[in-house]
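Visitor: Sequence:
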Amino acid sequence: MQVTSVPHAMNLADEIKMSFRRGDILLRLIYINIAVFVLAGLSFVLIRLFTPGIGLEELRATYNANVLKYLMVPGSPGELLNRPWTLITYMFTHSNFFHIFFNMLMLYWFGRIFLQYLTSKQLLSTYLIGGLAGALLYLIFVNGFPGLRESQGGSMLGASASIMAIAISISFYVPDYSLNLLLIGPVKLKYIALFFIILDVMMIASQNAGGHIAHLGGAIYGYGFISRYKNGHDSGRWLNRLVDSITGLFKRKPRLSVAYRKKAQYISDSEYNKNKVLQQKEVDRILDKIAKGGYESLTKQEKETLFNMSNKNK
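Just so you know, we're using this note's numbering here: the sequence shown kicks off at 183 and counts up by one.
Just so you know, these hints were derived from the structure itself, not from any lab.
Each residue gets a CB set at the ideal place from its N, CA and C atoms; glycine is no exception.
Wrong hints could be hidden among the right ones.
Stated by the list, open to error - In silico DSSO-like pairs for lysine-lysine, Cα to Cα no more than 27 Å straight-line:
#1 K303 <-> K458
#2 K303 <-> K370
#3 K463 <-> K303
#4 K474 <-> K458
#5 K251 <-> K372
#6 K372 <-> K303
#7 K458 <-> K471
#8 K370 <-> K482
#9 K463 <-> K485
#10 K485 <-> K474
#11 K463 <-> K474
#12 K471 <-> K412
#13 K482 <-> K471
#14 K412 <-> K474
#15 K463 <-> K412
#16 K370 <-> K412
#17 K458 <-> K412
#18 K485 <-> K412
#19 K303 <-> K412
#20 K458 <-> K482
#21 K372 <-> K463
#22 K463 <-> K482
#23 K251 <-> K370
#24 K370 <-> K471
#25 K471 <-> K485
#26 K458 <-> K370
#27 K474 <-> K303
#28 K372 <-> K474
#29 K482 <-> K372
Said to hold, decoys possible - Derived Cβ-Cβ restraints for the label pairs, each shown as a range:
#30 N390 <-> R467: 39 to 45 Å
#31 Y290 <-> K372: 16 to 22 Å
#32 E239 <-> P368: 43 to 49 Å
Can you build the whole structure from these sequences, using the hints too?
Guide: See the structure below:
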């Protein structure tokens, strides 16, 4: 009998790490949301184990005061000054399984469509700035309108505003793109976006007024971002540069120096964005041609253009 050696299989932690490193920004955002949810859930379990004689309501109140309080964005400006990091953490925090489940489904669906036409960096900036816009509008409304001031002592959490920014931006960029909805059939993105916006406006009168106001904040940024992008301006480029500079601090610098240096070519931001828009229009034209006549209807040059642009956006 011949015995062969079997390579050591990766454990679950190693597989998750490799999937995170090799995955695109959409998968990484989903992983971060899940990680925060799991860690927050484990803290809830620890509170339960080490706090004797406590009821479920008291347990939830202790959990909110000692864990979620430091992750949710507060409605009070005074409290926000003491916890400014919550402007970021709130958009990765969820209250229960169904909350994160449906949010991650929405993020995946609209994120995949977004990445068909725009870049990973633009997805990240839209997620983050859309979340910030949602928090800002939430703070303005709960502190500026008498009917909502009673919510000032409350807090907000969830990725919905960020996801709304992604959904609205791509819906206005490719409004005739269709999704096959269960029991309904194909529906164009522009109608889905309109439904979301009308629903959130109407739900301002509900108990979750702050959440729906935040959705509208994300929607406003998403629309503004894509409107400026069509005119050659990327509203999230400053954030991408900031993220690149921060991540660059943690990257290992190569030990070997390169002897040959290619002469740099400098172009202005407006010229760069103008070229980007022209390239995207060419890709849109090619995709329309595929929809009408199939992939085989493309010329060799069109196939090369599509291939090069898809690799560039990875």
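Visitor: Work down the list of hints and note, for each, if the structure agrees.
Guide: Results of checking the hints against the structure:
At most 27 Å may separate the alpha-carbon atoms for a hinted pair to count; K303 and K458 meet this at roughly 14 Å. For the hint linking K303 to K370, the alpha-carbon distance of about 25 Å falls within 27 Å, and the restraint holds. Among the hinted pairs, K463 with K303 is consistent with the structure: their alpha-carbon atoms are about 19 Å apart, no more than 27 Å. Between K474 and K458 the alpha-carbon distance is near 25 Å, which keeps this suggested pair within the 27 Å criterion.
Using a Cα cut-off of 27 Å, the hinted pair K251 and K372 is violated, with the two alpha carbons roughly 37 Å apart. Between the alpha carbons of K372 and K303 the distance comes to roughly 24 Å, so the proposed pair stays at or under 27 Å and holds. Only pairs whose Cα atoms come within 27 Å are accepted, and K458 paired with K471 is accepted, the gap being roughly 20 Å. Between K370 and K482, the direct Cα distance comes to roughly 31 Å. Violation of the 27 Å bound is thereby established for this hinted pair.
With a CA separation close to 15 Å, the supplied pair K463 and K485 stays within the 27 Å bound. Annotation: proposed proximity of K485 to K474 holds, straight-line Cα distance about 15 Å (limit 27 Å). Under the criterion of a C-alpha separation no larger than 27 Å, the hint pairing K463 with K474 is consistent with the structure, at around 17 Å. Only pairs whose Cα atoms come within 27 Å are accepted, and K471 paired with K412 is accepted, the gap being roughly 21 Å.
Of the supplied pair hints, the one linking K482 and K471 holds, its CA atoms being roughly 13 Å apart against a limit of 27 Å. Among the hinted pairs, K412 with K474 is consistent with the structure: their alpha-carbon atoms are about 24 Å apart, no more than 27 Å. As the CA atoms of K463 and K412 are separated by approximately 10 Å, the hinted pair is consistent with the 27 Å bound. Distance restraint check for K370 and K412: the Cα-Cα separation of roughly 20 Å lies within the 27 Å cut-off, and the hinted pair is therefore satisfied.
Note on K458 and K412: the hinted pairing holds, with a Cα-Cα distance of about 10 Å set against a maximum of 27 Å. Restraint check for K485 and K412: satisfied, since their Cα atoms lie roughly 24 Å apart, inside the 27 Å limit. Between the alpha carbons of K303 and K412 the distance comes to roughly 17 Å, so the proposed pair stays at or under 27 Å and holds. Our distance criterion of 27 Å between C-alpha atoms is met by K458 and K482, whose separation comes to about 22 Å.
Between K372 and K463 the alpha-carbon distance is near 19 Å, which keeps this suggested pair within the 27 Å criterion. As the CA atoms of K463 and K482 are separated by approximately 18 Å, the hinted pair is consistent with the 27 Å bound. As the CA atoms of K251 and K370 are separated by approximately 39 Å, the hinted pair breaks the 27 Å bound. Using a Cα cut-off of 27 Å, the hinted pair K370 and K471 holds, with the two alpha carbons roughly 19 Å apart.
Taking the CA atoms of K471 and K485, the gap is near 11 Å; set against the 27 Å cutoff, the hint holds. At most 27 Å may separate the alpha-carbon atoms for a hinted pair to count; K458 and K370 meet this at roughly 25 Å. Restraint check: the Cα-Cα separation between K474 and K303 comes to about 30 Å, which exceeds 27 Å; the hinted pair is violated. Between K372 and K474 the CA atoms are separated by roughly 21 Å; this keeps the pair inside 27 Å, and the hint holds.
Simply put, K482 and K372 have alpha-carbon atoms about 33 Å apart, too far for the 27 Å limit, and the pair is violated. Take N390 and R467: their Cβ atoms lie about 43 Å apart, and the range 39 to 45 Å holds. Between Y290 and K372 the C-beta distance comes to about 21 Å, which sits within the given range of 16 to 22 Å. Separated by about 46 Å at the C-beta atoms, E239 and P368 satisfy the suggested range of 43 to 49 Å.
Comparing the model with each earlier hint shows violations of hints 5, 8, 23, 27 and 29; every other hint is respected.
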